[in-house]
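A.B. asks: Here the protein sequences come in this chain order: A and B. For the record, in the first sequence the residue sitting at position 19 is 19 according to the numbering used here, with numbers rising by one throughout. For the record, in the second sequence the residue sitting at position 148 is 148 according to the numbering used here, with numbers rising by one throughout.
If you're looking for bench data, these hints aren't it; they were derived computationally from the structure. Careful: at least some of the hints might be erroneous.
So the derived label-pair ranges between C-beta atoms look like this [to be verified]:
no., chain 1, residue 1, chain 2, residue 2, range
1, A, T69, B, D48, 54 to 62 Å
2, B, S173, A, L174, 17 to 25 Å
3, A, T40, B, F221, 50 to 58 Å
4, A, H163, B, R118, 21 to 29 Å
5, A, L174, B, Y62, 28 to 36 Å
6, A, R97, B, Y62, 29 to 37 Å
7, B, G182, A, K101, 36 to 44 Å
Cβ atoms here follow ideal geometry from the backbone N, Cα and C, with glycine treated the same way.
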Amino acid sequence: MSAAAGPGLEELILLETLLGLKKGNKYSVREERKIPVLQTNNGSSLTGLTTIATHLVKQAKKEQLLGSTAEEKAIVQQWLEYRVTQIAGHSNKEDIRIILKDLNLYLEDKVYLARNNFTLADILMYYGLHHIIAELTVQEKEKYLNVSRWFNHIQHYPGIRQHLSNVVFMKNRLYTNAH
Amino acid sequence: MGFGNLRSAAGLRLLNDFLADKSYIEGYVPSQADIAVFEALSTPPPADLFHALRWYNHIKSYEKQKASLPGVKKALGKYGPADVEDSTGATTDSKDDDDIDLFGSDEEEESEESKRLREERLAQYESKKSKKPTLIAKSSILLDVKPWDDETDMAKLEECVRSIQADGLVWGSSKLVPVGYGIKKLQIQCVVEDDKVGTDMLEEKITAFEDYVQSMDVAAFNKI
């Protein structure tokens, strides 16, 4: 639970609090590749961010966060995979640009990642993107307008933000002809 | 407040622009505000207004729970951008007027009456508007002014920059920021009235001191 916990671990602890689970799960980190590991009560262990996150959601009996229809479940899985494969550890500008561009296009006609319902995909993408969005310039936030709208929406979802900083979005657009 | 006439293309475009950076009409959860606007639309917005359409489809998914959504429904004029009036109801009336008129004389009297009423209201509105002090849009700008070399007299440079005076321009604090090789740039804050002073004009005037100034950049620009 210390600040020294890896990025994946911090997300899981935030998720635990959001879900209202009791603290006391034991986490550790696989040294070489920083993959979180959860020691379960019956002695076995779970590995990997999305595996553990899914387990926590089921433990909290909030299965609706995994999607309600078959299609929605698939979309949630799709974004969890995207979160782990595309966002984890990538910090070079070009990768970030591609991620934001993809996401901006995808969110153009959607309110949440899984269309109309708040899911685990939104939660983990929010935690995963927080440090990226927090560093964007005002101009970039406007350029990725759909991402900004989604992000601003999610960070106001009750209980999700916790100690993370509130990312400020301008109410009035400055660069009105930059589309 | 309002979106103009929500059944017209212009009103829908206003709604679309309004929703570009918002998920809901008010706040961060679906509420009766969304339902009120949703019900004012007779059909889904056209596909090219994708922000409005995204919102429409999202609110549609709440159709079954719409009575249990939080908030109290208000008149359409209570939502949307502050500088637009709502006229959704008004035009449906005028549509009726277009119908074949069976009682010509009656109608004329009525329309004269309504015309007088409208003019009265317009006059009232105008007088109210003129009483309101107009809000002056201001911006705070942070400028980077770069000298030619390390031998440029920075104090003189700053003096030159501060000597620029214009209506609606106020200079603020400044500091010297080292760039490297002993060269420092001048970082200076100023507040301008948007209508009166532009960055182009500032740049032109500052770069006019070509003995001292090599180039100028806008480091930050914030609306106040």
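A.B. asks: For the hint 50 to 58 Å, verify it against the beta carbon of A:T40 and that of B:F221.
C.D. replies: 53 Å, holds
A.B. asks: Is the hinted range of 21 to 29 Å satisfied by the C-beta distance from A:H163 to B:R118?
C.D. replies: About 56 Å separates the Cβ atoms of A:H163 and B:R118, which means 21 to 29 Å is violated.
A.B. asks: Is the hinted range of 17 to 25 Å satisfied by the C-beta distance from B:S173 to A:L174?
C.D. replies: Once the Cβ atoms are compared, 23 Å apart, the range 17 to 25 Å for A:L174 and B:S173 holds.
A.B. asks: Is it true that A:T69 and B:D48 lie within 54 to 62 Å of each other by Cβ?
C.D. replies: 28 Å, violated
A.B. asks: Given the hint of 28 to 36 Å, check if A:L174 and B:Y62 actually sit that far apart at their C-beta atoms.
C.D. replies: Hint holds: Cβ distance 33 Å, inside 28 to 36 Å.
A.B. asks: Note whether the CB distance of A:R97 and B:Y62 lies within 29 to 37 Å or breaks it.
C.D. replies: Given a distance of about 35 Å, which is inside 29 to 37 Å, the answer is holds.
A.B. asks: Can the suggested window of 36 to 44 Å be confirmed for the beta-carbon pair B:G182 and A:K101?
C.D. replies: 41 Å, holds
In summary, the structure is inconsistent with hints 1 and 4 from the numbered list given earlier, while agreeing with the others.
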